[in-house]
Amino acid sequence: MAALRDGEFAALQSLLKAPSKDAVRQLCQECFSSPPAALGPLAQRACLGLAAGPEEAEQLVSALHNLTRHVVYYGLTRAEDILSLFPENFHQNLKNLLTKIILENISAWRNEAQASQISLPRLVDMDWRVDIKTSSDSIMRMAVPTCLLQLKIQEDAALCGNNPVVSALTVELSKETLDTMLEGLGRIRDQLSAVANK
Amino acid sequence: NFTRDPVPEAVSGPPPPPPPLSAQQFSALTEVLFRFLTEPKEVERFLAQLSDFATMNKISLGPLKNIVKSILLVPNGALKRNLSSEQVKADFIALGLSEEKASYFAEQWKVNSPTLTRLAVGQTLMINQLIDMEWKFGVTAGSSELEKVGSIFLQLKLVIKKGSQLENVYVELTLPQFYSFLHEMERVKTSLESFS
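Taken in order, these protein sequences are the chains called A and B.
Residue numbers for the first sequence follow UniProt numbering, beginning at 1 and rising by one.
Residue numbers for the second sequence follow UniProt numbering, beginning at 1 and rising by one.
Chain A on its own, in the form it takes in the complex (with noise of 0.2 Å):
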């Protein structure tokens, strides 16, 4: 499986222009990041550094992303398997800097993937309480107790680029309510060993 076409591996000597290895490495972590709509603005700003026109910028910023995200989505993890990416006549010293940026970052960016993946809005926070109530216009005096349960709860993160939307969603629960909701859980943990085990 090519990860570049050959005109982008060529893209990415203009790294040699570079200057420092640190700032290979910054680089590299903002191609992989970024969305390919936000490559644009990326390479402007990568111009200045790499004393590089706008357009082998460009051509630079959209090759180390698609690099970077094609080892990270096939899961890459060994040294070699990622020198082999490389055609022959690659610079020598750059296809190893290169690589070992990539395998210095390779966990942290499938962390990245995976927390960004699309989902359900996701349980960021809970909190619960327990009151008793007292008192009520129905009836005068009882002692009932009745929890009180706060889900903070992340939209997707997809949608939300890079200000997620947090909501908080109360509810309550009678004692009833969390017996039986207890059950369900514990079925679903019965379950879930159950899988764990084949």
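Check before you lean on any hint, since a few could be wrong.
Dumping the calculated DSSO-like pairs for lysine-lysine here, alpha-carbon to alpha-carbon at most 30 Å [claimed, not checked]:
(1) K152/A with K69/B
(2) K133/A with K189/B
(3) K157/B with K133/A
(4) K161/B with K41/B
(5) K136/B with K148/B
(6) K175/A with K148/B
(7) K152/A with K162/B
(8) K152/A with K175/A
(9) K152/A with K133/A
(10) K95/A with K21/A
(11) K110/B with K175/A
(12) K80/B with K133/A
(13) K100/A with K17/A
(14) K157/B with K175/A
(15) K95/A with K148/B
(16) K161/B with K152/A
(17) K80/B with K148/B
(18) K189/B with K175/A
The hints are simulated quantities; they were obtained by calculation from the structure and are not laboratory data.
These figures come from a predicted structure and were not determined experimentally.
Here the structure of chain A is known, so what remains is to put chain B in place on it, guided by the hints.
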């Protein structure tokens, strides 16, 4: 005892000539009343039973309904104020009922009050009451960013009563979050049980 407000005219004022009910008729009527109190949604059935009672005992329905309305004020007030059966009996006597009938009613009150209390508690305000919970869990096989994923996800659908409408809330949890959630809910249960 059953109310702090001045007793309404219809109850304390010169009562419309009450049909003289025998002890047996009174107990039949009381049964109908308590059946309604313990199942307040069965309005149609209640009205039908009252109508049958009126026909069987040759009483006109109109005055009967007025009497019943007055009588029902007492148990409703008594429930709100957690009155004992002695207090209920005293109230009925104060309103003109015979000692025998008042005693009988108070007895029925005592027998039915656990059910009635439970109903009243059930009617107490709840904020965003959790009505139902559905769930599914599965494995994420792959995504547009990762060819092979193999992680377990758990999805919950919570059905919540907001005011008079039901709302569905969908939430996804990771496995560690699920175990943490389960653990917390078990702590809540222990807490609720210690206060029951």
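How the hints compare with the structure:
no., hint, in the structure
1, K152/A with K69/B, "violated (49 Å)"
2, K133/A with K189/B, "holds (16 Å)"
3, K157/B with K133/A, "holds (27 Å)"
4, K161/B with K41/B, "holds (19 Å)"
5, K136/B with K148/B, "holds (21 Å)"
6, K175/A with K148/B, "violated (42 Å)"
7, K152/A with K162/B, "holds (17 Å)"
8, K152/A with K175/A, "holds (22 Å)"
9, K152/A with K133/A, "holds (25 Å)"
10, K95/A with K21/A, "holds (12 Å)"
11, K110/B with K175/A, "holds (26 Å)"
12, K80/B with K133/A, "holds (14 Å)"
13, K100/A with K17/A, "holds (18 Å)"
14, K157/B with K175/A, "holds (20 Å)"
15, K95/A with K148/B, "holds (26 Å)"
16, K161/B with K152/A, "holds (18 Å)"
17, K80/B with K148/B, "violated (62 Å)"
18, K189/B with K175/A, "holds (7 Å)"
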